[in-house]
Structure formats: structure tokens, C-alpha cells
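Trainee: Sequence:
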Amino acid sequence: MHQQIKRFFFLFSLLVGISSFSYSATSEENFENVSVGQLPQAWKRAETNAEHPAAVWEVTRSNDTSRGKHILSLSSFEGGSFRYFNLCYTDAVSFRDGEISVWFKANSGNIDQGGGIMWRVQDKDTYYVARFNPLEDNFRFYSVINGDRKELCSADVHLKKRWHLMKIVQKGSHFEGFLDGKKLLNCDNDIIKKSGGVGVWTKADAATSFDDFTVKDNN
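For reference, each letter of the sequence shown is one residue, going 1 to 219 in my numbering.
Hints may be right or wrong, so weigh each one.
Stated by the list, open to error - Dumping the calculated DSS-like pairs for lysine-lysine here, alpha-carbon to alpha-carbon at most 27 Å: (1) 171 / 194; (2) 44 / 194; (3) 167 / 183; (4) 44 / 216; (5) 124 / 44; (6) 216 / 171; (7) 182 / 150; (8) 167 / 150; (9) 124 / 167; (10) 183 / 150; (11) 161 / 182; (12) 69 / 171; (13) 216 / 69; (14) 193 / 150; (15) 161 / 183; (16) 69 / 193; (17) 160 / 183; (18) 216 / 194; (19) 171 / 183; (20) 161 / 69; (21) 182 / 167; (22) 44 / 150; (23) 216 / 182; (24) 194 / 183.
Calculated directly from the structure, the hints in this document are not laboratory data.
When you get a sec, could you build the whole thing from the sequences and use the hints?
Mentor: This is the structure in C-alpha cells:
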């Protein structure tokens, strides 16, 4: 009887431990196995506030020895407007809370430059985005709801024209933004509560490259 009681409490403690465990799933896309001129499987391009497809997203060859052989690039435009948001994302990865990071390099743009991470993507018109703009020297969080973009928080920062690491951390309604390991953004917003897709984002004619897109989803 004594042994049965001990065994019961042992199994109970295991169940309590399992129920309190936070599962973390990691998804990584380094684009190395994607053919040049293509997109990763289950990724798609889209536009917010554009009347027609405005940008070409594709995997390209990298000439930079600090990156892999293949990177994801917004390579050309079929038109542009300051109201256009260019998206490349996937619904195959569902993200609500956790971390997302990506290496990025702002290549060019007259209307706008830079870009960043989008997450909790409900559709092409509703999502969160973190972006760096080298023309304005700032790093910002936005919500985009039915195509209407609203600034949530901002930090002034100057970065040299090279590859940089961006990371966002989300937990419930609280999120933080990092550039090259330094936390610059810290704010709360709960307008998008549901999990959603993930991807990358630029505005207008901002031609930007991305590499090593990593998602750590805490369920």
C-alpha cells in the first residue's frame, strides 16, 4: 500500500510537470535549398494597398561572403507608391508568441528603404510589422489593420549599410524589438490576438535582401 501511494504521487508530479511545460517549436529558412528565381515552398508574395502586383520577390545568389550562397530579395518593381507595402510570407508557420529573427540588408530605394519582420499575419491587410528605415534612421513597430498602418512605438538609430540582425519577441500583448542584439523597442498592443503567418516586409520601392529567417514559437 505504501509503495502504491508513493507511485501515485510520483506519477502525479510528472503530470504536473508536463502540464506546466511550455513547448517551443523552431522553424528555420536559410534559402540554401531554394532554386534561384523561386520562393521557398509555401511562401507567397502579396501587397497591401496595391491595385496590382508591384514587386518581384525571389531567391537570388549572394555575393557577400558573410552570408550563404542564396538569399531572399525584393529584386525589382513593376510600379511603386508610398502607400504600397510589399509582403513575402507563409501561412505554413503559425506564430502567436515567441521569437522571430532575420538578417537583412537595405539595398536601394528612392521613396523608401529598409524593411523587416511581419507576424501574426491574418491576411495581406492585417498583421504586425517591425521595420528599420535607413532614410529616416528609425526602427518601429506598426499594426496594420485592414490596410491601415498605425505606429506603435519608435526608436532613433543609425546603422551602416551592411547586413544587420533584427529580432522581435512577443508574449501575449507585449513585444520587444532588437537590432544587432540591442533592445530598442518595448511596447504593448493587443489589437491582433490570434496566431498567424510570418514573413518579411518592405514599403514602396525599398529593395531589401533577407537571410536566415528563424521562428521560435512558444505554444
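Trainee: Give a verdict on every hint.
Mentor: For each hint, the structure was consulted:
For the proposed pair residue 171 and residue 194, the alpha carbon gap of about 12 Å is at most 27 Å, so the pair holds. The hinted pair formed by residue 44 and residue 194 meets the criterion: a straight-line CA distance of about 21 Å does not exceed 27 Å. With a CA separation close to 9 Å, the supplied pair residue 167 and residue 183 stays within the 27 Å bound. Taken as a hint, the residue 44 and residue 216 pair is honoured in the structure, with Cα atoms around 21 Å apart against an allowance of 27 Å.
At most 27 Å may separate the alpha-carbon atoms for a hinted pair to count; residue 124 and residue 44 meet this at roughly 10 Å. Between the alpha carbons of residue 216 and residue 171 the distance comes to roughly 12 Å, so the proposed pair stays at or under 27 Å and holds. A hinted pair counts as satisfied when its Cα atoms are at most 27 Å apart, and residue 182 with residue 150 qualifies at roughly 24 Å. For the given pair, residue 167 sits about 20 Å from residue 150 by alpha-carbon distance, which is consistent with the 27 Å threshold.
In summary, the hint linking residue 124 to residue 167 is supported, as the alpha carbons are separated by about 21 Å, within the 27 Å threshold. Restraint check: the Cα-Cα separation between residue 183 and residue 150 comes to about 21 Å, which is no more than 27 Å; the hinted pair holds. This hinted pair checks out: residue 161 and residue 182 have alpha carbons roughly 17 Å apart, not beyond 27 Å. This hinted pair does not check out: residue 69 and residue 171 have alpha carbons roughly 34 Å apart, beyond 27 Å.
About 24 Å separates the Cα atoms of residue 216 and residue 69, which keeps this hinted pair within 27 Å; it holds. Taking the CA atoms of residue 193 and residue 150, the gap is near 16 Å; set against the 27 Å cutoff, the hint holds. Restraint check for residue 161 and residue 183: the C-alpha separation of about 20 Å stays at or below 27 Å, so the hint holds. A C-alpha spacing of about 37 Å is found between residue 69 and residue 193, which places the hinted pair above 27 Å, so the restraint is violated.
With a CA separation close to 18 Å, the supplied pair residue 160 and residue 183 stays within the 27 Å bound. Between residue 216 and residue 194, the direct Cα distance comes to roughly 16 Å. Compliance with the 27 Å bound is thereby established for this hinted pair. Under the criterion of a C-alpha separation no larger than 27 Å, the hint pairing residue 171 with residue 183 is consistent with the structure, at around 15 Å. With a CA separation close to 20 Å, the supplied pair residue 161 and residue 69 stays within the 27 Å bound.
Of the pairs offered as hints, the one joining residue 182 and residue 167 holds, with about 9 Å between alpha carbons and a cut-off of 27 Å not exceeded. Annotation: proposed proximity of residue 44 to residue 150 holds, straight-line Cα distance about 24 Å (limit 27 Å). For a cut-off of 27 Å, the pair hint linking residue 216 to residue 182 stands: about 19 Å separates their Cα positions. Between residue 194 and residue 183 the alpha-carbon distance is near 25 Å, which keeps this suggested pair within the 27 Å criterion.
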